[in-house]
Every structure is written in structure tokens, then in C-alpha cells.
Amino acid sequence: MSDPEASRPFIEAANPTHPSLLDPKHQLDALFGVVNIPNVIWIDEAGTIVRPPEPGWPPGDDYPDWLREFLDGRDEAVEKKAAEIEAADPELAARMRGGQDRDAYPDAIRDWARKGSDSAFAMSPEQVLEASADRGIDKSEGAAHFELANHLWTAGERESAISHFNEAHRLQPDNWTYKRQAWSLVGNEEAGGGEMGRFNQGPLPGAEDDWPFAGNFVAESSATPAGDYYPATM
Amino acid sequence: MITTTPEISADEFASGTGWEIKPEGACKGDVCVPLPDGYSATHAAERLGMAVVRDDASGLIAFGPESLSGRALVSAQAPEVVLPDLSGNEFRLSSLRGKKVVVVAWAPY
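In order, the protein sequences belong to chains A and B.
Numbering-wise, my numbering puts 343 at position 193 of the first sequence, and it's gapless, one number per residue.
Numbering-wise, my numbering puts 221 at position 96 of the second sequence, and it's gapless, one number per residue.
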């Protein structure tokens, strides 16, 4: 739901030769089952999906300087925490490393680009359907609430929007996109907007009672093993 | 799909949900689901496992995505996606047929 200006610096810095599109209404969720970012979908020449949405990363981390600085501080803290966990509970540490092998992902794409359907990474249509996200009627209902929430927020109906966001979160507890969109909107308000406002996805110290959602990014992501936040798919 | 009434035409249903209404039923990719009672948006939604949620204060109605197969994808045939670029120009995913495509979803937060 961000303004296009939120994406512009990233797209202009990368200056890609491929199309860069905006999806303010989260259509990729309803159409493909994208429930977190980054998520990657492979589609062959005939328009057949050969890998459904899954976490995937580019090689290296070519971030703008300001984001690199922001992440460097955080990476150190994350590494220190990981070393503590490793020392205290090796089994838990192993579980936290259960996420995807990030460096291998671009190589898997190259393998498919070369070999097409002979690539070991290309799935059959049946495998694609089976590997796509679970969706029962409760999740459809969650998606309907999320769409209402986005629409009402944009229309300035803040309180109604928040109540639909909360329903969406209850019905789709594993959908990080639904959570982070809502947390980011309210977190940005709390931070008073600005360049970094939308990265604030939880209550400011002392304002916990005013936070209108059951969770927030720091609390939920730190309580979620890496293998659950980014499920391993290869 | 957001509407103000559940009484929407088959064309509106198709553009909002990606499910075309044909003589054999509601169809997407290589899948068709029969509509024994004929077309109405609420009947099609029921057959496709789409939740219909109403916001009483605004009167708005949202149709959730299909859930009939228990999975987000009912067909491996990629659905059409039409989204704007930074300049507002619409781009159609189907314009890339004939090439391999890697779609990357990301967010600037």
C-alpha cells in the first residue's frame, strides 16, 4: 500500500532491465499465495508455473548505503544472539538454521534457465499445486478482511480498517505480509512518518497500550524460528 | 474483489476474480467448476470456496480468493497479472510469453 515513492529509490538504484511493477493491493497474494517477502515464482515460456511462491534471494546484498548502514548494526546484534543460542542450545540453533540456503538460490535459477523442464528444480504442474500455500475457506475469509482493511485505510476509515486487519491476522496467522502491512501503517503513524517511519512495525516505548494489534514485528519475528519465517523449499 | 453489491455481472466477476463464466461453469486456467444453478456471483463464490465478507458500516463487500482445492493455486497455468510501473504504465504478465519469467515479490519496508 506504500506510495510509489517508497519503491522509487530502490528501483532507480538497481536500474534493472526487467520490468519493476507496483502491487499496492497485494494482488500477488490472492493470485499466487504470496504470504511473505522476498517471495519468488518461476514461470516457463508457455506460461506454466514451475515453482510456486517460495523465499528466494539474489546473490550478495547490493543495498543502498543508508540501508547497509542500518542493517550492519542489526546484523552484529543478530550474530551475537545466534552465538549465544549456539552455546546454550545447539539443537535450537540447528533448527534456526533450517531456512533456505540463500546462496544456492540464484544457481538453481541458472540451472533451470539452462535445462528447462529437465532441471531438477522445475516442478510438474501437480507438484506446483501441492507445493502452493494452504488455503481453506478461513484463509479466503482472512483475505477478504485484508482487502477490506486496505480499502478502508486508504479511504481514511482507520478504526474499521484496524478491526478488519485484526480479523485477517486471526484467520491467516502465518501470513507475514498481512501483519507487516498493518504494523507498518500504524508504526509509520507512531514514528511521525519520514524516511524510516514505515520500518517501525511495533509500538514505541511507553505507547504499548495504544498498539491496536495482537503482535508486532520484533516480538513475533524473534519468537519464530528462521525455518518457519522462511520455510526451506529446496 | 471489493464491491458495493453482490449482484455483479459475469464480466465484473471475471475481471475481479480471474474466473471466467462459460457455458461449462466458472473457469480459470485448465479448471472449470460447474454452476448447477446458473451464474450469480454468490453462487459462483460458494462453488469456488470464496468467502464473502461485508463491512456493515460502509456497506462494502469483499469476495475472498477461491479455496476449493485447499491450495492457493488450482491450476499451474499462470493467472493474468496487470500491474503498473513507477510511471503508471500498465504491464501484463502474459506479454512475456515465450520467455522464462522469474517473478520476485519484495517490499520497501
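If you're looking for bench data, these hints aren't it; they were derived computationally from the structure.
Since this is a predicted model, take the numbers as computed values, not measurements.
Hints are not guaranteed to be accurate.
Unchecked claim - Calculated lysine-lysine pairs in the DSSO-like style (CA-CA distance at most 30 Å, straight line):
#1 A:K265 <-> B:K153
#2 B:K153 <-> B:K224
#3 B:K225 <-> A:K265
Consistency of the hints with the structure:
The straight-line distance between the Cα atoms of A:K265 and B:K153 is roughly 29 Å, inside the 30 Å bound, and the hint therefore holds. Under the criterion of a C-alpha separation no larger than 30 Å, the hint pairing B:K153 with B:K224 is consistent with the structure, at around 22 Å. Between B:K225 and A:K265, the direct Cα distance comes to roughly 11 Å. Compliance with the 30 Å bound is thereby established for this hinted pair.
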